[in-house]
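Colleague: Just so you know, we're using numbering that gives the first Met the number 0 here: the sequence shown kicks off at 0 and counts up by one.
Each hint should be verified, as a subset may be incorrect.
Said to hold, decoys possible - For each label pair, taking beta carbons as the anchor points, the in silico distance ranges come out as: (1) 29 / 151: 37 to 47 Å; (2) 185 / 95: 44 to 54 Å; (3) 185 / 239: 20 to 30 Å; (4) 184 / 96: 19 to 29 Å; (5) 262 / 231: 21 to 31 Å; (6) 192 / 226: 28 to 38 Å.
These are calculated hints, taken from the structure and not from any lab test. A quick note: this is a predicted structure, and the numbers were derived from the prediction, not measured. Glycine included, every Cβ here is placed at the ideal spot set by N, Cα and C.
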Amino acid sequence: MRMGAPVFGPALLIELRLLVAALFLGAVALWTKRTLAMKSHWRHYLIIGVLNSALPFLLFAYAAQALSASLLSILNSTAPLFGAVVSSVWLRTPVSKSIAIGLIIGIGGVTVLAGSNASMHGNGQWLALICGLSAPLGYAIAGNYAKASAVSIDPFSNAHGSIWMAALVVLPLIFIAPANHTPVLIDWLAVVALGLLCTGFAYLWYFRLINDIGPTRALTVTFLIPVFGVLWGNIFLDEPLGWNMVLGGAMVLLGAALTNGVLRFSSPTLRGLEKK
0 MRMGAPVFGP ALLIELRLLV AALFLGAVAL WTKRTLAMKS HWRHYLIIGV
50 LNSALPFLLF AYAAQALSAS LLSILNSTAP LFGAVVSSVW LRTPVSKSIA
100 IGLIIGIGGV TVLAGSNASM HGNGQWLALI CGLSAPLGYA IAGNYAKASA
150 VSIDPFSNAH GSIWMAALVV LPLIFIAPAN HTPVLIDWLA VVALGLLCTG
200 FAYLWYFRLI NDIGPTRALT VTFLIPVFGV LWGNIFLDEP LGWNMVLGGA
250 MVLLGAALTN GVLRFSSPTL RGLEKK
């Protein structure tokens with residue numbers, strides 16, 4: 000996305016990404032003889048497609064025009080933080096001590112990351128930061144919607160149908176916001192990799208994980224995104240790695256781990272006081 004967004008622009012890049020992924024998943028559906036039942040479930044696919052694909056993809060693509068891939072990958076890992084907040088408000092999920100502490104630490108990490116970019120000039124870069132931080136909120140709302148929805152659809156069909164609906168939603172935007180520059184071969188390769196590997200194959204693997212080990216454990220892939228995002232950004236894009244990125248990223252990951260239940264906060268002293 001960091002390579003393609005400045006060239007194609009957010010709308011065209013995401014439309015191409017979604018089309019590549021949709022065609023790939025469509026081929027898999029034909030091969031495995033899976034049906035979508037689009038006529039019956041198009042509203043469900045539309046909601047999932049907008050919240051889980053179209054909106055966050057567009058926000059990240061816009062942010063990728065100004066922010067580094069390293070920072071974007073760390074912002075992406077805030078999804079469990081937003082998920083905990085949305086779940087507590089929407090589904091009335093109790094906020095445990097671990098979740099509360101995780102939210103505080105995570106917010107602190109985001110503050111460190113934002114504060115390190117205080118030298119950014121103009122509203123455009125600050126808007127990019129806000130967009131990059133808002134995108135995971137879409138993932139959080141989509142996840143809670145899927146949990147609360149009475150519609151029962153298998154994971155593959157959810158992925159396949161929502162990608163097609165997301166592509167239809169984004170399509171009109173390419174006529175409003177055309178490409179910024181004429182793409183070259185490396186730009187097209189970035190689009191194919193983004194659609195085929197980062198969306199098509201990734202959806203297949205991710206939903207297979209959900210079936211095999213459950214949604215909670217599958218969400219732990221969130222903690223790998225910043226590791227590889229920072230690594231690839233440093234190797235391939237020559238992005239610098241400052242202390243603020245390490246500290247802020249570590250705080251975000253720790254906060255996400257606490258809110259996601261991977262880590263739990265426990266204090267022997269507090270347990271002793273509670274018993275008394």
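Colleague: The structure should be examined with respect to each hint, and the outcome stated for every one.
Modeller: Status of the hints after comparison with the structure:
{"no.": "1", "hint": "29 / 151: 37 to 47 Å", "result": "23 Å, violated"}
{"no.": "2", "hint": "185 / 95: 44 to 54 Å", "result": "47 Å, holds"}
{"no.": "3", "hint": "185 / 239: 20 to 30 Å", "result": "22 Å, holds"}
{"no.": "4", "hint": "184 / 96: 19 to 29 Å", "result": "53 Å, violated"}
{"no.": "5", "hint": "262 / 231: 21 to 31 Å", "result": "26 Å, holds"}
{"no.": "6", "hint": "192 / 226: 28 to 38 Å", "result": "19 Å, violated"}
In summary, the numbered hints that this structure violates are 1, 4 and 6.
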